[in-house]
Amino acid sequence: MKLSELVKEMDLNVVTGEIARDCDISGVYMCDLLSRVMSRASEDGIWITVMAHVNIVAVAELVNLACIMVPEGIAVQQETIEKAKEENITIVSTGLTGYEAACRLHDLLD
Amino acid sequence: MAEKSGMHMEYDINKEDFNSAGEASSKVKKTLNMLGVDNKVIKRVAIAMYEAEINAFIHGGGGMAVADIYTDKIVIEISDHGKGIENLELAMQEGYSTASEEIRMMGFGAGMGLPNIKKNVDELDIRTGPGEGTDLKMTFKLN
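From first to last, the protein sequence lines are chains A and B. So for the first sequence, our numbering puts the first residue at 1; every next one is plus one. So for the second sequence, our numbering puts the first residue at 1; every next one is plus one.
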C-alpha cells in the first residue's frame, strides 16, 4: 500500500503538509529508543513514536523511512516539522494510541 | 604510506547544537548514495556513524567527524574532547549506559551505541581513557 493511500484510509494528519516520498510501505516498527530504531526499522517502513523532538528526523532520514507516525495527537515541535521538510521526511499524526495505530496498520497492510 | 583517498570529508560536531546531531552521518550517507555504494554497506555506515556521532554529542562534549572514501573501503573517524570512557569493557555491553536522565528521556542512552557500532563495522579501533577523550576509527570494506 502506498503512503498516500494509507493517509486516506487512516485519516492521518500530514503534519509536514505533504507527502515527501509516496513509496510502498514495507512494514511498521514501534519504539522510542532511537538506537533500536536505527538498527531494526526497515527502509520504506513506518515508525511509530511518541518522540516529537527534532532528532527523530535524522534517524528517519538515515534509515530511509517512509514516514514517522506520532500517535495520541501529540504535538510535533515546529522545529521538527521544519527539519523534516528540509530532509524530505513525512511526519503524520493520529489520535489513536500507538497500539491502536499498529493494529489498524496490521489490518490494512496485510 | 597512506593510500590515496578518493574523497575526504570533515565535519564539526558542535555540542551546543544538539538539534544538528546526525547531520554529519546524513551528509556522508548522501555522498555514498551518490557514489552508488551498495545499500547494505550504506546502512551499516549510517548506523555506526550516527551512533558514534551521538556519543560525541552526549558524552564527548563535541568533536569532529572525518570520512575518507577509498576504492576498497570507507574509513570514518569520530573524535571527541570528552572525559573518555572509564571502563571500555562495560561500555561495549548492550544496555550499559552512563547517559543522564534528560538524555534518556529523549530516546538516547539505551546502552546500544558501542554494541551497535561493533555489529556494523568490519574493523573498529577505539582509543580512549579517563581524561583523554575518545577516538573511534571505523572501517567498512567495499566489495
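Hints should not be assumed to be uniformly reliable.
[Said to hold, decoys possible] Some, not all, of what chain A presents toward chain B, calculated at C-beta under 10 Å: (1) 7; (2) 9; (3) 38; (4) 43; (5) 53; (6) 55; (7) 106.
[As the list claims (entries may be wrong)] With beta-carbon atoms standing in for the labels, derived distance ranges: (8) A:21 - B:89: 40 to 50 Å; (9) B:127 - A:5: 27 to 37 Å; (10) A:5 - B:118: 34 to 44 Å; (11) B:89 - A:4: 46 to 56 Å; (12) B:143 - A:14: 17 to 27 Å.
Just so you know, these hints were derived from the structure itself, not from any lab. As the structure is a computational prediction, the values presented were derived from the model and not from experiment. Ideal placement from N, C-alpha and C gives every residue a C-beta, glycine not left out.
Each hint tested on the structure:
The closest approach between the C-beta of residue 7 of chain A and any C-beta of chain B is roughly 25 Å, which is over the 10 Å cut-off, so the hint fails. Of the supplied interface hints, the one on residue 9 of chain A is violated, with its beta-carbon coming no nearer than about 28 Å to a beta-carbon of chain B, more than 10 Å. Against a cut-off of 10 Å between C-beta atoms, the interface hint on residue 38 of chain A holds, since the closest Cβ of chain B lies about 5 Å away. Checking residue 43 of chain A against chain B: minimum C-beta separation of about 8 Å stays under 10 Å; hint holds.
Hint status for residue 53 of chain A relative to chain B: holds, with the closest Cβ pair at about 6 Å, below 10 Å. The interface hint given for residue 55 of chain A is met, as the beta carbon of that residue sits about 6 Å from the closest beta carbon of chain B, less than 10 Å. Violation of the interface hint for residue 106 of chain A is found here, the shortest Cβ-Cβ separation to chain B being roughly 24 Å, above the 10 Å cut-off. A C-beta distance of roughly 42 Å is found between residue 21 of chain A and residue 89 of chain B, which places it inside the suggested range of 40 to 50 Å.
A beta carbon spacing of about 51 Å between residue 127 of chain B and residue 5 of chain A contradicts the range 27 to 37 Å that was offered as a hint. A hinted range of 34 to 44 Å for the beta carbons of residue 5 of chain A and residue 118 of chain B is consistent with their spacing of about 40 Å. In this structure the supplied range 46 to 56 Å holds for residue 89 of chain B paired with residue 4 of chain A, their Cβ-Cβ distance being about 49 Å. At roughly 41 Å, the beta-carbon separation of residue 143 of chain B and residue 14 of chain A lies outside the given 17 to 27 Å, and the hint is violated.
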